[in-house]
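Chemist: Spelled out from the first residue to the last, the chains are:
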Amino acid sequence: MSALRMPRVASVQFKPFKAKGWGRITFLVVTSVLMLVPMYLLITSAFKSQQDILQHPFSLAPDQLTTEYLRKAATNPDFNILKGYAVTILFVVSVNVLSVALAGPVSYVIARRSERRYRMLLLLFVAGTFIPSQVLVIPVVYTLKFLGLMGTIPGFVLFETTLTLPFSIFLYAGYILTIPASLDEAAAVDGAGKHRVFWSIVFPLMKPAVVTMVILNTFSVWNDFVNPQIILGPGSGLYTVTTGVYAAVSQYSTDYTVVFPTLLLAVAPLLVVFVLLQRHVISGLTAGATKG
Amino acid sequence: MRARLTTLSMVGPALVLFVVMLVVPVCLSLYLSLTDWDGYSANPAFVGLKNYVSLTHSAEAIRAGWVTLLIAAVGTVLLSVFGLGFALLVNGASRLNAFFRIVLFYPHVLSALVVGFLWSAVLGTSGVVNGWLTSKGAEVLPFLSDPTWALASLIAVLVWAGFGVNVVLYLAGLQTVSKDLLEAARIDGASKRQTFFNVTLPALAPVVTVNLVLSLVTLLKTYDLVVSLTGGGPAGSTQTAAYLILWDSFHNNALGFGSAQSVVLMVITAGLALTVARLRARADRGVQA
Amino acid sequence: MARSIRRSPGRNPRRTPGLLTAVVILAAAAGCGGGFSDDKGAAGDSTGEVRMLVNITPNLTKSYWEGLVKPFEDANPGVDVKIEAPTGSGVKDTLPQLLAAGNAPDVVETLMADKVLAPQMLDLTDQAWTKDTPLVEQASLDGKVYTVGVGQQAQSLVFYNKDAFAKAGISAPPKDLDELTAAMGKLKAAGYLPLQTAGDYVTGLQLLQLSNPSIATKYPDWYQQISSKQAKVGETMQPLLERYESWIKNGYVDKNALGLKDVGAQTNFLSGKAGMYIMGSWFVRTADDAKPTFDLGVFAAPTEKGQPSPGPQGVTMAAPYMVLKSTKQRDLSVKLVQWLVTDKTAVQSQLAQDGNFRKGYTDKLSPLGKQVQDILDQAPKHVAQGEGYGANTLPQGFNGEWNKAVQSLYTGKSAKDVATRIDSWMGSKS
Numbered sequence: 009m010s011a012l013r014m015p016r017v018a019s020v021q022f023k024p025f026k027a028k029g030w031g032r033i034t035f036l037v038v039t040s041v042l043m044l045v046p047m048y049l050l051i052t053s054a055f056k057s058q059q060d061i062l063q064h065p066f067s068l069a070p071d072q073l074t075t076e077y078l079r080k081a082a083t084n085p086d087f088n089i090l091k092g093y094a095v096t097i098l099f100v101v102s103v104n105v106l107s108v109a110l111a112g113p114v115s116y117v118i119a120r121r122s123e124r125r126y127r128m129l130l131l132l133f134v135a136g137t138f139i140p141s142q143v144l145v146i147p148v149v150y151t152l153k154f155l156g157l158m159g160t161i162p163g164f165v166l167f168e169t170t171l172t173l174p175f176s177i178f179l180y181a182g183y184i185l186t187i188p189a190s191l192d193e194a195a196a197v198d199g200a201g202k203h204r205v206f207w208s209i210v211f212p213l214m215k216p217a218v219v220t221m222v223i224l225n226t227f228s229v230w231n232d233f234v235n236p237q238i239i240l241g242p243g244s245g246l247y248t249v250t251t252g253v254y255a256a257v258s259q260y261s262t263d264y265t266v267v268f269p270t271l272l273l274a275v276a277p278l279l280v281v282f283v284l285l286q287r288h289v290i291s292g293l294t295a296g297a298t299k300g
Numbered sequence: 525m526r527a528r529l530t531t532l533s534m535v536g537p538a539l540v541l542f543v544v545m546l547v548v549p550v551c552l553s554l555y556l557s558l559t560d561w562d563g564y565s566a567n568p569a570f571v572g573l574k575n576y577v578s579l580t581h582s583a584e585a586i587r588a589g590w591v592t593l594l595i596a597a598v599g600t601v602l603l604s605v606f607g608l609g610f611a612l613l614v615n616g617a618s619r620l621n622a623f624f625r626i627v628l629f630y631p632h633v634l635s636a637l638v639v640g641f642l643w644s645a646v647l648g649t650s651g652v653v654n655g656w657l658t659s660k661g662a663e664v665l666p667f668l669s670d671p672t673w674a675l676a677s678l679i680a681v682l683v684w685a686g687f688g689v690n691v692v693l694y695l696a697g698l699q700t701v702s703k704d705l706l707e708a709a710r711i712d713g714a715s716k717r718q719t720f721f722n723v724t725l726p727a728l729a730p731v732v733t734v735n736l737v738l739s740l741v742t743l744l745k746t747y748d749l750v751v752s753l754t755g756g757g758p759a760g761s762t763q764t765a766a767y768l769i770l771w772d773s774f775h776n777n778a779l780g781f782g783s784a785q786s787v788v789l790m791v792i793t794a795g796l797a798l799t800v801a802r803l804r805a806r807a808d809r810g811v812q813a
Numbered sequence: 028m029a030r031s032i033r034r035s036p037g038r039n040p041r042r043t044p045g046l047l048t049a050v051v052i053l054a055a056a057a058g059c060g061g062g063f064s065d066d067k068g069a070a071g072d073s074t075g076e077v078r079m080l081v082n083i084t085p086n087l088t089k090s091y092w093e094g095l096v097k098p099f100e101d102a103n104p105g106v107d108v109k110i111e112a113p114t115g116s117g118v119k120d121t122l123p124q125l126l127a128a129g130n131a132p133d134v135v136e137t138l139m140a141d142k143v144l145a146p147q148m149l150d151l152t153d154q155a156w157t158k159d160t161p162l163v164e165q166a167s168l169d170g171k172v173y174t175v176g177v178g179q180q181a182q183s184l185v186f187y188n189k190d191a192f193a194k195a196g197i198s199a200p201p202k203d204l205d206e207l208t209a210a211m212g213k214l215k216a217a218g219y220l221p222l223q224t225a226g227d228y229v230t231g232l233q234l235l236q237l238s239n240p241s242i243a244t245k246y247p248d249w250y251q252q253i254s255s256k257q258a259k260v261g262e263t264m265q266p267l268l269e270r271y272e273s274w275i276k277n278g279y280v281d282k283n284a285l286g287l288k289d290v291g292a293q294t295n296f297l298s299g300k301a302g303m304y305i306m307g308s309w310f311v312r313t314a315d316d317a318k319p320t321f322d323l324g325v326f327a328a329p330t331e332k333g334q335p336s337p338g339p340q341g342v343t344m345a346a347p348y349m350v351l352k353s354t355k356q357r358d359l360s361v362k363l364v365q366w367l368v369t370d371k372t373a374v375q376s377q378l379a380q381d382g383n384f385r386k387g388y389t390d391k392l393s394p395l396g397k398q399v400q401d402i403l404d405q406a407p408k409h410v411a412q413g414e415g416y417g418a419n420t421l422p423q424g425f426n427g428e429w430n431k432a433v434q435s436l437y438t439g440k441s442a443k444d445v446a447t448r449i450d451s452w453m454g455s456k457s
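Chains as they are written, first to last, in the numbering used here: chain V, 9 to 300; chain Z, 525 to 813; chain X, 28 to 457.
Because the hints were derived from the structure by calculation, they are not lab data.
With a Cα cut of at most 20 Å, we get these calculated SDA-like pairs of lysine to any residue:
#: 1; chain 1: V; residue 1: LYS202; chain 2: Z; residue 2: THR531
#: 2; chain 1: X; residue 1: LYS245; chain 2: X; residue 2: HIS409
#: 3; chain 1: V; residue 1: LYS153; chain 2: Z; residue 2: ASP562
#: 4; chain 1: X; residue 1: LYS97; chain 2: X; residue 2: SER73
#: 5; chain 1: X; residue 1: LYS109; chain 2: X; residue 2: THR137
#: 6; chain 1: X; residue 1: LYS456; chain 2: X; residue 2: VAL143
#: 7; chain 1: X; residue 1: LYS408; chain 2: X; residue 2: SER167
#: 8; chain 1: X; residue 1: LYS89; chain 2: V; residue 2: GLY245
#: 9; chain 1: X; residue 1: LYS318; chain 2: V; residue 2: GLN59
#: 10; chain 1: X; residue 1: LYS245; chain 2: X; residue 2: ARG270
#: 11; chain 1: X; residue 1: LYS355; chain 2: V; residue 2: SER244
#: 12; chain 1: X; residue 1: LYS386; chain 2: X; residue 2: TRP309
#: 13; chain 1: V; residue 1: LYS202; chain 2: Z; residue 2: LEU529
#: 14; chain 1: X; residue 1: LYS89; chain 2: V; residue 2: ASP86
#: 15; chain 1: X; residue 1: LYS158; chain 2: X; residue 2: LYS171
#: 16; chain 1: X; residue 1: LYS142; chain 2: Z; residue 2: ASP562
#: 17; chain 1: X; residue 1: LYS158; chain 2: X; residue 2: ASP370
#: 18; chain 1: X; residue 1: LYS456; chain 2: Z; residue 2: SER582
#: 19; chain 1: X; residue 1: LYS371; chain 2: X; residue 2: ASP101
#: 20; chain 1: X; residue 1: LYS456; chain 2: Z; residue 2: ASP560
#: 21; chain 1: X; residue 1: LYS256; chain 2: X; residue 2: GLU414
#: 22; chain 1: X; residue 1: LYS332; chain 2: X; residue 2: ILE197
#: 23; chain 1: X; residue 1: LYS89; chain 2: V; residue 2: ALA82
#: 24; chain 1: V; residue 1: LYS80; chain 2: X; residue 2: LYS89
The following block holds chain V by itself, in its conformation from the complex (with noise of 0.2 Å):
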């Protein structure tokens, strides 16, 4: 199944299950129930008082619906949520600019050399996935103030790329691989730089698998928790929608009427931007990992 190059297919190929129809269908209804019914608790419980919440959680009466709480939860002079947006989108556009600007050089020499170092230099890439970052944090403290990077937007974002690397380097180096290295001799024939091929030959080859890996990094930098909030610290003044959402939340977990609008406004956004380009996204996560 390797090099062999998967045809855009939008038809039906493989349906093992579907005589089963009607039963296939229900049990599928009924997953998706299950999945949602907190989305909706979530969007419901956001208009309700406490009370409410608690005594008619599946309820929809309009007249417990109240936009007060929202209001009250978009006004938090503690978590404004434009700023988290701003901030955090600011983040992740940089860690991936970043993150494909150094892993894919580094991917494209490991795949094409064939000398032991190189294959050493992928095992220790590949080696940081295995690193809880979270538990390295008073580490990278150490290391981030003495770069004086300490509770600043490159010191976070530089770390933060770091962490992209390992998956990042594994994808594209077996990506380029099954890119024929005859494309890229030709054009070393003609003169071009190693540079010079691999941004204007390989690169452009190579976007499923960016694509995926801009997917998945934009998820985990978004959602990431623990390093932005040590990282960035209290004293930057700058916190992302997810250290946001704690701060705000973390000492009111059970007053809901805090809980459920902080947490709607945090998630509303990616959401509604995950459904309008849900196909992209889906397919996109995949595009880059069939091959290899």
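Starting from the known structure of chain V, fit chains Z and X onto it as the hints suggest.
Modeler: This is chains Z and X only, laid out in the frame that chain V set:
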């Protein structure tokens, strides 16, 4: 020489960043694990392997280790079973399938922290489900207040939030199963069951390996969800290794001991991941032979 | 997906490892060189920014803190007090991270000096104004003052639903623990949850609060006996643990309480479902705000049968402040802390906001607050609790371990198991 410089310029930046931001902290962690550092003092004493010895005596750390392994083992199996099962069910390009895929995948868009707060509001003793049960006159269910239930709830929520990704990866894998082979199996009169086990599954083997290793590595690091769903409770019964490491480091001012635990966690994670990858590689060769 | 990359072994494996080693050594030196420094601090200017790391709770919100220091900023033009909320799960987690980052605040609220923290903190012993602040002597370490506070928090309090007591036929608040257990039986018979408990940090805290009077009566120097190993925490606490175990067995506490957090437990009690709630005096503020529909009272935690009543009261320092030694704004930071613990309006505001008490500030108390003040006044002695302070301390992390151990009573462990667990933890800490 020029070629070497070019190679260096392609490898260098990523390597330097990786070494400075990950390798150095890991080395520092290794060093701290040999000290009695409390997080404050200016000159921590070197204590040799004392922290590692106390680790073998610490009932709590050992328990957290088992809890983590249990979460990782059960979670990995469930994620893969659900992932492959649902991938088979929603494979195909109909609109309905597209809808189901979104529904199965969407929790991954939410951070583990948000998922935890959401589910603790749903499952807590005074949460939505129990509030509803009480109002109907039924007994409260101990989702988060009984150690066994709490661990089961934690795993269930992890699977709820994560199996959509596995579905998507297996769907991608299914696209690569050779159409010709499937067609041939059909012509030979193979049953669906036979086709699945003899054609589809072997072809999926590499996807299965990657899925298993990724799920395992991710689950061994479980932390955020513990913080927001159970807080490690009740009675510390859902503390994972990562949770206990941060707890010991900062609540007990035992950063040296915490570092020793991190080192052990990293070694175990690497060992397990490599073992699974090896075993799968052997199984794949066996299938092909 | 991605097939593993297999390649033939290379011939020239020398250069990269060499380069790698060099980078590692360089970077490791970088990493270590930055750590473990010991700043001395500086007097600083009369204007500028003072950063204060504070505890954030439902009572003490960030905007409350900002409003609190506003008059200080107004009275000192050019001074900006920056309130910082913890990023970790609390001040305790956040402070070491900030210190490691070389980004320590100037003032920290909530923590109290112990052997670990004291070397980082400014010695305030020669500041004359500290003499009249509450509990300052008890909190001092080897005769040195590092921590000053706004007031006192009474810990060993049992809040109770007077209506429920009347319905259950209990005429007077229990004076000893046997009477307390008997009262629970009556409350249960009357259809109430006798004692409201919770998971989170509450489980262990409530039992500590309840234990203070009887333990301090039986072992007047409990902390000294523990630290000199003449007594063990678990053994001395075992009678109380056994009592708690029996309460769980008899349904006097909710067997699913561990799924509740503090606010959930408060809501339950204030809505009239439970007969009693053990909590510190800061609950007065919550109770006053909630305006419960029943008559709410409070009594001092009972002692063991045969011990004098009321017994010693667990008392802790309210809003403890410390100045960090590394501060570049020493004079201004000390001035701020002095203002926070001596300025009449500032003190009054903090006492009211979080249900704290202080001599000379009794005229604005609510009726419930007055009852707590009486309990404080009538107690024969004020004693430390849990991790404690000053000369009376247990190892760092005790409160958390104790909490987990007590919670295990709900999960099927016996009082003996809990006692053994906490004693073995204590053993590992010495």
